[in-house]
Each structure stands twice: as C-alpha cells, then as structure tokens.
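Chains as they are written, first to last, in the numbering used here: chain H, 1 to 565; chain A, 1001 to 1140.
Worth flagging that the hints you see were computed from the coordinates, not collected in a lab. As the structure is a prediction and not an experimental result, all values here were calculated from the model. Be a bit skeptical, because a hint or two may be false.
[Stated by the list, open to error] To spell it out: a stretch of chain A is covered by chain H in this simulated footprint if at least three of its residues, at any positions, have a beta carbon under 8 Å from a beta carbon of chain H; those stretches are:
| # | segment |
| --- | --- |
| 1 | 1041-1055 |
| 2 | 1058-1068 |
[Unchecked claim] Residues from chain A that keep clear of chain H, each with C-beta distances beyond 12 Å, as calculated:
| # | residue |
| --- | --- |
| 3 | LEU1030 |
| 4 | ALA1086 |
| 5 | ARG1106 |
[To be verified] With the Cβ distance kept under 10 Å, some of the chain A side facing chain H (calculated, not the full set):
| # | residue |
| --- | --- |
| 6 | ARG1104 |
| 7 | SER1128 |
| 8 | LYS1132 |
All C-beta atoms, glycine included, are put in the ideal place defined by N, C-alpha and C.
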Amino acid sequence: MISRRDFLQVGMAASALLGASGVGNWSRLAAQQALTQEQLLEFDTFGNVSLIHVTDIHAQLKPIYFREPSVNMGVGDNKGAVPHVTGAEFRKLYGIADGSPSHYALSSGDFSALAQAYGRVGGLDRVATVIKAIRADRPDAILLDGGDTWHGSYTCYHTKGQDMVNVMNALQPDAMTFHWEFTLGSDRVAEIVEALPFAALGQNIFDAEWDEPTELFPPYKMFERAGTKIAVIGQAFPYMPIANPRWMFPEYAFGIRDENMQAMVDEVRSQGADCVVVLSHNGFDVDKKMATVVSGIDVILSGHTHDALPEPVLAGETIIVPSGSNGKFVSRVDLDVRDGRMMGYRHKLIPIFADVIEPDPEMAALIDAQRAPFEAQLTEVIGQTEGLLYRRGNFNGTWDDLICDALLSERDAEIALSPGVRWGPSLLPGQDITREDIWNVTSMSYGEAYRTEMTGEFLKVVLEDVADNIFNPDPYYQQGGDMVRTGGIGYRIDVSKPQGDRISDLTLLRSGEAIDPNRSYVVAGWASVNEGTEGPQIWDVVESHIAKQGTVSVQPNTSVEVVGA
Amino acid sequence: MELTRRNVMLLGSAALAATGLGALPASASLAEDEIAKLTGGAETGAGDLKITAPEIAENGNTVPIDVSAPGAVMVALFADGNPTPAVATIKFGPLNPSHEASTRIRLAETQNVIAIAQMEDGSFQRASAEVKVTIGGCGG
Chain H
1 MISRRDFLQV
11 GMAASALLGA
21 SGVGNWSRLA
31 AQQALTQEQL
41 LEFDTFGNVS
51 LIHVTDIHAQ
61 LKPIYFREPS
71 VNMGVGDNKG
81 AVPHVTGAEF
91 RKLYGIADGS
101 PSHYALSSGD
111 FSALAQAYGR
121 VGGLDRVATV
131 IKAIRADRPD
141 AILLDGGDTW
151 HGSYTCYHTK
161 GQDMVNVMNA
171 LQPDAMTFHW
181 EFTLGSDRVA
191 EIVEALPFAA
201 LGQNIFDAEW
211 DEPTELFPPY
221 KMFERAGTKI
231 AVIGQAFPYM
241 PIANPRWMFP
251 EYAFGIRDEN
261 MQAMVDEVRS
271 QGADCVVVLS
281 HNGFDVDKKM
291 ATVVSGIDVI
301 LSGHTHDALP
311 EPVLAGETII
321 VPSGSNGKFV
331 SRVDLDVRDG
341 RMMGYRHKLI
351 PIFADVIEPD
361 PEMAALIDAQ
371 RAPFEAQLTE
381 VIGQTEGLLY
391 RRGNFNGTWD
401 DLICDALLSE
411 RDAEIALSPG
421 VRWGPSLLPG
431 QDITREDIWN
441 VTSMSYGEAY
451 RTEMTGEFLK
461 VVLEDVADNI
471 FNPDPYYQQG
481 GDMVRTGGIG
491 YRIDVSKPQG
501 DRISDLTLLR
511 SGEAIDPNRS
521 YVVAGWASVN
531 EGTEGPQIWD
541 VVESHIAKQG
551 TVSVQPNTSV
561 EVVGA
Chain A
1001 MELTRRNVML
1011 LGSAALAATG
1021 LGALPASASL
1031 AEDEIAKLTG
1041 GAETGAGDLK
1051 ITAPEIAENG
1061 NTVPIDVSAP
1071 GAVMVALFAD
1081 GNPTPAVATI
1091 KFGPLNPSHE
1101 ASTRIRLAET
1111 QNVIAIAQME
1121 DGSFQRASAE
1131 VKVTIGGCGG
C-alpha cells in the first residue's frame, strides 16, 4: 500500500519542471521556436480536483519584465532554505540549465540578455488563456486569487482599483484574500467587496473595536467538487495596520491568529471537508511555520513574499505552493481527494511567457478598454535608462537607487529612504522610461514624499526596526518586506544579530564622516504610514528627476556591507 | 436581564482590579520581584494556563490580551517592559462559567506579557507571550 507520504513524494517527483533547454537561443524567434504554448500548458490531468492560483499581480494588466532577486537571505531555521536560494545556486538545486527558459523565469543572472531572448512575461490576457485551457481540462477548477491585486499601476490608482476588479471579475475567480487592497481605504474596499461575485475570505480579518470576526470577510468557503468537499480558508496579510497606514482602515484588525486558523480547520473538518486549502497572504516563511503549528491543512497557496518555486515545499503534511508575482506565473495544482483526505497531488508552476502564450482576445479587449482613457498619459516617454532597472533584493535594487537619487536632488536632502516593497517590474538597458513605468514602481494611496529632520540616533533606530521586520529569526515576527533602501548613507549590517545590534558603521556618503547620533540630518522619503504626511507625490518627484537627466545611469551600489549571512 | 455583548464584557471585567501605582524604572527584574511577592517565592509550573496576544502589536497603546486559566482562582498579568509592570489581577469565583478574561493593555516597547495563575490547590502556573511594538512601515 502506498502511504500518503509516498504519494506526496511521488507528486513532488512528478511535478513538472520545464524541460526544454534554451541554451544558445539568443533571439526572440529561436525562443519562440524552442517554447510552445502546448509545452507550457502540458499537464497530465490528475486526481479529481484542480486548483488554480494567481497572486500578487499588483495591477499588472500588460506583459512586463520582472527580474527575480539575487539577494534573498534566510535567517534562523530558514537559512539556506528555499526561497532563500538565488541565482546559480537555485538553478543547481532544481537542476535548471543555464540559459534555459526556467533560468530566465525563476532565477537571477544574465537577466538582461535572457530578457532579450525570451521577451516579456505576464499580461492578464495571457493568464486568461492559461486559465481557460485548464478549465477546458477541468471545467470546475477552483480559481483562487491571493491578493495584492487592486494595487500597483497608474490605471489602478486613477480608477481606485476598478480596472483590476473589472478584469479579474471576467476571469471568474472563486475566492480571494487581501493586503494592499485595504490601502484603497476601508469605505472603498467595502464598496467593492459588497459587489464581488466571489468570496472575499480572511479568517484573520477582525473588527478592531470588538476583536471579533467581520461579516464582510467570512473565514472560509466550502466548494463541492467531484463529490468531495474542498474548504478554502482565507488568510489576509497579518501585519497590515503596521506595515501600511492603519488610519486608512481603522475598523479592521488582523494578526496571524493561528489559534483561530486551527479552530477554522477543525470547524470545516467537522462539516465534512475532505481537503483543506489555505489561500494565504502570510509570506512564505510565515506559511511554513503556520503549517507546523496548525494541523490539518493540506495545501497552502502562498503569496506576499513574491517567491516562485518550481515545486511545492513540504512542511509536515502540508504542501506550500508559492506562485510568484506581477502576473508572471499561474500555479495549477491537481489533487486526488478521496476517503476524506488528500491522497496525492500534481503541480506545475506555469510561467507566462508573453511571446509564447496567445493573448485571449476578449480579455485583451477588456484590458485595452480599461487603459484607453489614460493611454496618452501612460505612454508618454519621460527618459531612457542606460542600465537595467529592477527592484527585488534584500537591500537595494537599481529602481530604488534611482528613486533615492531623485529624493536627494529634488528634495534637497542629505539622506533618502525608500520603502522595501517587493512589487514593481523591471526595465531593460536602453529602454524608454514611460510615465506608466514610473507609476508601476511608485503607485500607492500614500505616496507623499516627505522632507524631515532626524537625528543620527533615530535614523539607527529606524534601520534597526526595519531590519528586525525582515531578519528576526522567528518568521512570525517578519513582515515580508525587504530592508528600507537608503540614499546618501552607507552602513554595515550583521543579519545574525538581535535587534539593536545589527546596524553599525553608519556613514554619511557625502562627507565620508560617521553619522553623529546627536546631529540632525535632512531626510527625504516616501510611503510614510503616518496620517497627515505632506509633500509632493513620489511619482512626480521621480518623473521630474528623470526628465532632467534624459538618460539615467545608476551607479553600482556598494553602500551596504552585509555580514552574518 | 438581557445580556448584550457589552454587558458580557463588563461582567467579564467586573472582577478586574487595576493594580500598581507610581512610576518606577522599567526592568525585567522589577516584574520578577512583583511575581515573587505574589507567589511568595513558590515555583511556577506550566499547565493549562494560556495567554493569547498578537505577535506584533497593531497599536502599542491598546494591545488585546486574552487569558484562559481553567481551574484558577486568580490570574495576575504583568508587562515586564512597562514602567509599572503590574497590569491587572483577575479573580474567579465558583459561579464563573468560564475562567477566561480579555482586556487591552498599553505596552511601551517590545516586551513579554506574563500571566501568573493561582490554582484551586494553591499552586501557581506561569505563561508568557512576547509582543513586539514596532514603528512599522515597508511591508512588501
């Protein structure tokens, strides 16, 4: 008899990596010949239930470039564990050939050259094609959206999320959970959610006043498929009121609430659930810990930290499936559910190669209709970039280096701070920078670029506080962002130390002098969580800076020295 | 009497007695001193006593704390990083249907919230939860 664990391992061994090697295919045409839509969609339908997972789309309706991080450090028990493995080590771990489509889609290294060969990724019209193909195989597949959907672009900002709501509704998801959506403000969130034709789930979305569950966001929904009951429990981003402005949604409290998660798992099991799926916006390491604390979860569809892994990770008896970001991937998970349990699975992380997958014509028309009123503003060219502009990485990326440069010069500051968010597509060397591109990396409902004074002592407190939100060895204390990006200063960080002892050698780059704890410095930044923050919008600051430069050139950033990894 | 949720909360907190006056320097040992005074130096074991608190406070000025103490006659709460560590003493009578209480406390900084329960047989149990108070920002 094959045990459940054997089935899980069989499922893991059988999970489909893209086999086709694209080594040497240095032209778009060759890439297209080496990869076909059939290959990308190829899947031996398995079991009796299919899940489709998309997450962290950040309002990217159109194909984009997206470079995965080269620096993604794990701490504590997660040191050296996926997803904290990058570049060549990642490819070695999964047996991915250098220069292959999987190299380009899943790992960093040679990004600009591979991007020239393989082209853009994502686009919700391509995602629609993939979802339709899966539904042709399995008409009652359950489509789940992990959230961070109604945020992140020029059109999303100007329509207060309506463009994304219209497009996603056309994809007909079965349920969704949330994070950045709440930065639209609780009134707007309620207005949208009340009209949603699918379930808005969050077992950890509570009423702040009474600390009790809300009516608007039920904890779970039960789906009957192939004579089995599949429970989907929602888990919204736990640290919204800390990582984002609490004053925008004062009615709600969040938190991990793993005791309540256990209670919900027990409740759905007692109602006859044969399989329990958690649609999560916890972030990968938090999901991994939660899977060991809460018993009875079969599948966690993982979002928030934007990780993309070619195979699920097994934690206890739970499989964790992270599905990337920005529309770059769709996960398909087929399950064999019988005798009241999940007996096995088959999984594929489908990369959305925009030049290979045909756009769905209806969806393409719907997307163009959302963008049409803004087309002139979106496409206006502000400048060009000499080098690659990307965001992801624990400490810096060239986009944020450029944003910090803009803050220093446009706001006449000594020091610049840029938040360690993980969204925002990349631009290739030589590309035009359009207004849309700038908004893709800056758009938010609290984008005011403040200018203030901070003492050297307070600056260190800020850096220590943010560093602990990413490098605390207990995942439950991690908020899932990257380190705050800095301009004008350098520092040394020992990620293995406790809070208060990580940051040292703070230096003002302009003078080369050590930061004086007692001196005040002029600091410019953006995305403050404090109410009443004043200043021009960050996208205007960045646009003005780029327009003055014409062609922007970002120097290699060597201002952060990292040890203890 | 019709019980509304507010009434239930009031009933639940009727036995809450705020303790501690005066401002003393914050230290973990100050809390330990007060705990020792309460227990008379008796050993505190683990048991069914459970304290539930957020891992990271959404608002350090009002942090929801739940304590569940089956079989206890009294529970005392301490915040070991506050200037005045003693937060509350909750007494349970024989007519209390459940030995649970909820309150909200203010936390000055990242610290442990400690519950000490006195059981019916006079023994003591101890449970604690670390609550992080952060200045926030920067969530991916």
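Do the numbers back the hint for A/SER1128, that is, is its least Cβ distance to chain H under 10 Å? It is violated, given that the least Cβ distance between A/SER1128 and chain H is near 15 Å, above 10 Å.
Three or more residues of the segment 1058-1068 of chain A near chain H by CB distance under 8 Å? Check passed, 3 qualifying residues.
Holds or violated: is the Cβ of A/ARG1106 farther than 12 Å from all Cβ atoms of chain H? For A/ARG1106, whose nearest Cβ neighbour in chain H is about 16 Å away, the distance exceeds 12 Å, so it holds.
Does A/LEU1030 really sit off the interface, with its C-beta more than 12 Å from all C-beta atoms of chain H? Consistent with the label, A/LEU1030 stays out of reach of chain H, its closest Cβ about 20 Å off (over 12 Å).
Minimum Cβ separation between A/ALA1086 and chain H greater than 12 Å? holds (23 Å)
Report holds or violated for the interface hint on A/ARG1104, using the least CB-CB distance to chain H and a cut-off of 10 Å. holds (9 Å)
Holds or violated: the segment 1041-1055 of chain A covered by chain H, criterion of 3 or more residues with Cβ-Cβ distance under 8 Å? holds (count 3)
Is the interface hint for A/LYS1132 satisfied, with its Cβ closer than 10 Å to some Cβ of chain H? Result: holds, 6 Å to nearest chain H Cβ.
In summary, the one numbered hint that this structure violates is 7.
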